[in-house]
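Here the structure of chain A is known, so what remains is to put chain B in place on it, guided by the hints.
Number of protein chains: 2
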Amino acid sequence: MKKEEKPAPKTARRCRNMVIAQSGGPSMVINASLVGAVTAAQKMRREGKVGRIFGARHGVEGILKGDYADLTRLGAGKAAAIALTPSSALGSCRHKPDAADCRAIFEEFRRRDVGYFLYIGGNDSADAARIVAEEAGKAGYPLVAYHIPKTIDNDLRSCDHTPGYGSAARFVASALIGDDLDNRALGGVKIDVIMGRDAGFLAAASALARRRPDDGPHLIYLPETPFSADRFVKDVKAAMKKFGRCVVAVSEGIRGKDGVPIGATLGSGEKDSHGNVQMSGTGALGDHLARILKEKAGVKRVRADTFGYLQRSFPAMQSKTDLAEALGVGERAVAFACMAAEGAAGAPAAGTVGIRRKAGRKYAVELVPLPIREAAKFTRSVPKEFIAKSGCDVTAAFIDYARPLVGDLPATEIL
Amino acid sequence: MKKEEKPAPKTARRCRNMVIAQSGGPSMVINASLVGAVTAAQKMRREGKVGRIFGARHGVEGILKGDYADLTRLGAGKAAAIALTPSSALGSCRHKPDAADCRAIFEEFRRRDVGYFLYIGGNDSADAARIVAEEAGKAGYPLVAYHIPKTIDNDLRSCDHTPGYGSAARFVASALIGDDLDNRALGGVKIDVIMGRDAGFLAAASALARRRPDDGPHLIYLPETPFSADRFVKDVKAAMKKFGRCVVAVSEGIRGKDGVPIGATLGSGEKDSHGNVQMSGTGALGDHLARILKEKAGVKRVRADTFGYLQRSFPAMQSKTDLAEALGVGERAVAFACMAAEGAAGAPAAGTVGIRRKAGRKYAVELVPLPIREAAKFTRSVPKEFIAKSGCDVTAAFIDYARPLVGDLPATEIL
Numbered sequence: 012m013k014k015e016e017k018p019a020p021k022t023a024r025r026c027r028n029m030v031i032a033q034s035g036g037p038s039m040v041i042n043a044s045l046v047g048a049v050t051a052a053q054k055m056r057r058e059g060k061v062g063r064i065f066g067a068r069h070g071v072e073g074i075l076k077g078d079y080a081d082l083t084r085l086g087a088g089k090a091a092a093i094a095l096t097p098s099s100a101l102g103s104c105r106h107k108p109d110a111a112d113c114r115a116i117f118e119e120f121r122r123r124d125v126g127y128f129l130y131i132g133g134n135d136s137a138d139a140a141r142i143v144a145e146e147a148g149k150a151g152y153p154l155v156a157y158h159i160p161k162t163i164d165n166d167l168r169s170c171d172h173t174p175g176y177g178s179a180a181r182f183v184a185s186a187l188i189g190d191d192l193d194n195r196a197l198g199g200v201k202i203d204v205i206m207g208r209d210a211g212f213l214a215a216a217s218a219l220a221r222r223r224p225d226d227g228p229h230l231i232y233l234p235e236t237p238f239s240a241d242r243f244v245k246d247v248k249a250a251m252k253k254f255g256r257c258v259v260a261v262s263e264g265i266r267g268k269d270g271v272p273i274g275a276t277l278g279s280g281e282k283d284s285h286g287n288v289q290m291s292g293t294g295a296l297g298d299h300l301a302r303i304l305k306e307k308a309g310v311k312r313v314r315a316d317t318f319g320y321l322q323r324s325f326p327a328m329q330s331k332t333d334l335a336e337a338l339g340v341g342e343r344a345v346a347f348a349c350m351a352a353e354g355a356a357g358a359p360a361a362g363t364v365g366i367r368r369k370a371g372r373k374y375a376v377e378l379v380p381l382p383i384r385e386a387a388k389f390t391r392s393v394p395k396e397f398i399a400k401s402g403c404d405v406t407a408a409f410i411d412y413a414r415p416l417v418g419d420l421p422a423t424e425i426l
Numbered sequence: 012m013k014k015e016e017k018p019a020p021k022t023a024r025r026c027r028n029m030v031i032a033q034s035g036g037p038s039m040v041i042n043a044s045l046v047g048a049v050t051a052a053q054k055m056r057r058e059g060k061v062g063r064i065f066g067a068r069h070g071v072e073g074i075l076k077g078d079y080a081d082l083t084r085l086g087a088g089k090a091a092a093i094a095l096t097p098s099s100a101l102g103s104c105r106h107k108p109d110a111a112d113c114r115a116i117f118e119e120f121r122r123r124d125v126g127y128f129l130y131i132g133g134n135d136s137a138d139a140a141r142i143v144a145e146e147a148g149k150a151g152y153p154l155v156a157y158h159i160p161k162t163i164d165n166d167l168r169s170c171d172h173t174p175g176y177g178s179a180a181r182f183v184a185s186a187l188i189g190d191d192l193d194n195r196a197l198g199g200v201k202i203d204v205i206m207g208r209d210a211g212f213l214a215a216a217s218a219l220a221r222r223r224p225d226d227g228p229h230l231i232y233l234p235e236t237p238f239s240a241d242r243f244v245k246d247v248k249a250a251m252k253k254f255g256r257c258v259v260a261v262s263e264g265i266r267g268k269d270g271v272p273i274g275a276t277l278g279s280g281e282k283d284s285h286g287n288v289q290m291s292g293t294g295a296l297g298d299h300l301a302r303i304l305k306e307k308a309g310v311k312r313v314r315a316d317t318f319g320y321l322q323r324s325f326p327a328m329q330s331k332t333d334l335a336e337a338l339g340v341g342e343r344a345v346a347f348a349c350m351a352a353e354g355a356a357g358a359p360a361a362g363t364v365g366i367r368r369k370a371g372r373k374y375a376v377e378l379v380p381l382p383i384r385e386a387a388k389f390t391r392s393v394p395k396e397f398i399a400k401s402g403c404d405v406t407a408a409f410i411d412y413a414r415p416l417v418g419d420l421p422a423t424e425i426l
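Quick mapping for you: the protein sequence lines, in order, are chains A and B. All residue numbers for the first sequence refer to our numbering, where the first residue is 12 and numbers rise by one. All residue numbers for the second sequence refer to our numbering, where the first residue is 12 and numbers rise by one.
These are computed hints drawn from the structure, not numbers from a lab. Mixed in with the good hints there might be a few duds.
Put simply, identical chains are the same to the list, so a pair is met inside one copy or across any two.
[Claimed, not checked] Computed cross-link-like contacts, DSSO-like style, restricted to lysine-lysine with a CA-CA straight-line distance of at most 30 Å:
hint, residue 1, residue 2
1, LYS331, LYS89
2, LYS76, LYS248
3, LYS252, LYS400
4, LYS252, LYS107
5, LYS252, LYS76
6, LYS373, LYS307
7, LYS268, LYS54
8, LYS149, LYS400
9, LYS395, LYS89
In isolation and in its complexed conformation, chain A is listed as follows (with noise of 0.2 Å):
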């Protein structure tokens, strides 16, 4: 469009421009982030801080490739509807960059003038973006990077907790609510697949679906505490035992004493360039771990479900908590890197946004500017205290620290 082609308002000093990017598996909250950061840029643009903001679409990718859409003008309306669309509106990608790519991202970059470059994801895009930003160093090409932080899995270490979680886990809590109501129904065991590759958050949000003493889920496993087939099937009988019935939540990356696992070993063993094996999008572990409790536990009917991409993408179930901290981030990173262009003490030139809860009994963040490898590809675990003794529940810590984030859940009623 012609009337995009305009330059930025004059001011003294160069204008640079910014691309903005989605990475890794999307959230139904990654979009509100996407929108945070553009309108703030937008902000910053009238402001004569930044120039033209470009999206690259499936991250990195639409970089190297050139494909764009120019968010410059974003409308106010189509920016609120994108906001609560769930899922990567530019699209998204796994790709991790080499020194190779980051040189032809760095011609790309030249050309365009972009003296901005935001990217939204987990650990393994935090990391892309910090391959961009130390290599752009090393090439004295100038550049302020940021990450904006998101994963369902909340495994980030730079946030107490991370936009698209609290969200996924309202799902999952929500999912628990119903399944268990279904167990009642019919009873004997039902499993469900929680998505986790690293970290049991989300599993573990499955506690906040009890209302009742005798609601489910009564077993929740996590890839924290090593996995025994043996245990389960004792777990599994006392439940059965205690409940006349059994709802099992269990993580996606649940492993043995070995460390691998144990879904990684049914799969097709698809790899990412990270390195991830691929775990979701398959019934396997769930099918696997029907079968040992058909086997081993004598229990006839036996079911079990694998959430898979519902849990990232179901419109409509975002947390109003998680909704409004993705929109924050997403601004406070453009905020964050513009004070960083200017030398700002206090903002780093490549940064991610770090979320700190307040202290006190009433829920509260801050949103703070941290150094880029602070978010970068190492993951954090449920911390020991949020894990029950037992190695198959949370604590009631857990409860407290994950409820606000998710929100209100529907109510229920039994006979």
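Below, chain B without anything else, positioned relative to chain A:
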């Protein structure tokens, strides 16, 4: 509670008691039917036509065990909360009563002076109620038996559509909206396996997710059209060429030319007492179809999710129309049963509630009494005029049929 032991108001005629129960797979609105029936029965009790109202737990099994919830004085507040709660509040079963069971049932009914038997469920449950009614006739036990229609599969011949379907279809369409956006972001092929043992109505409802010309699902496979793996591979390749990605909605009940459900050959082979093979609660069919595509279509990224029990149990997902109609069929069943007890013309002593869609552009239905055999045992398939000639899509006529049952769906926006 002593209060509840009081006899019903005295009238000239003897005021016989009612047993109501739920059977088969739960739904999101089967409790609305229960509440509709109980509320209507309470009204009939005030009019001196019905005595006490017993809810048998877990269908006919509760009658055989003498396990009841006394619903005679179920309060309005609790009733409203139960109506909005998914799954079967009285519990369910899949037990097909034989002649011996019926003799035990009539002994129990005689002891409790039960003159009305209401059974909420699908075609197998209607058949169970039909057996009870016929055996009562043979045994000379005076009984009015009414079936209250429920099934997410939408496969009763006695109804234009069945209560439970609209809400499950709403879940499916919502899930596909999100899942299609997820597939837009990361590409490849996504397979979603949707409930429907014999009829493809629920998988067909995935088509309601489409808003834009390139929205998925791009392929829809129903049990009504013989499934060929070769044809499937060709269809997916063509969709990949056209859209650069592909979302597939497939009914769990798809079957080959031999008529054998493909899922039934992959699962545990477990059968219920009505002879139905287990197909839900396992990811086997989705994984099987994904393997075919990886091996024969050369698609690198193939993921499969099986929606499983969430389709019938997810809370706060009810379609308003479905909820209102579920309540209505419960109310009308009791009204028809009382008419039958009074010997009124048009209401059979063993009946079901039929749902007829009225002619005209504005959606409206009428609820009519029908002989119970109209609902029993046999299933309704998706009619030919709802299936596209390609065999891998639905028609506009189906969309017109299904949209008012499902109601509004979340809006989304793309870049």
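Here is what the structure says about each hint:
{"no.": "1", "hint": "LYS331 <-> LYS89", "verdict": "both (19 Å within a copy, 28 Å between copies)"}
{"no.": "2", "hint": "LYS76 <-> LYS248", "verdict": "between (56 Å within a copy, 24 Å between copies)"}
{"no.": "3", "hint": "LYS252 <-> LYS400", "verdict": "within (21 Å within a copy, 53 Å between copies)"}
{"no.": "4", "hint": "LYS252 <-> LYS107", "verdict": "between (49 Å within a copy, 26 Å between copies)"}
{"no.": "5", "hint": "LYS252 <-> LYS76", "verdict": "between (60 Å within a copy, 20 Å between copies)"}
{"no.": "6", "hint": "LYS373 <-> LYS307", "verdict": "neither (47 Å within a copy, 56 Å between copies)"}
{"no.": "7", "hint": "LYS268 <-> LYS54", "verdict": "neither (52 Å within a copy, 62 Å between copies)"}
{"no.": "8", "hint": "LYS149 <-> LYS400", "verdict": "neither (48 Å within a copy, 60 Å between copies)"}
{"no.": "9", "hint": "LYS395 <-> LYS89", "verdict": "neither (43 Å within a copy, 40 Å between copies)"}
In this structure, the earlier hints numbered 6, 7, 8 and 9 are contradicted, and the remaining ones agree with it.
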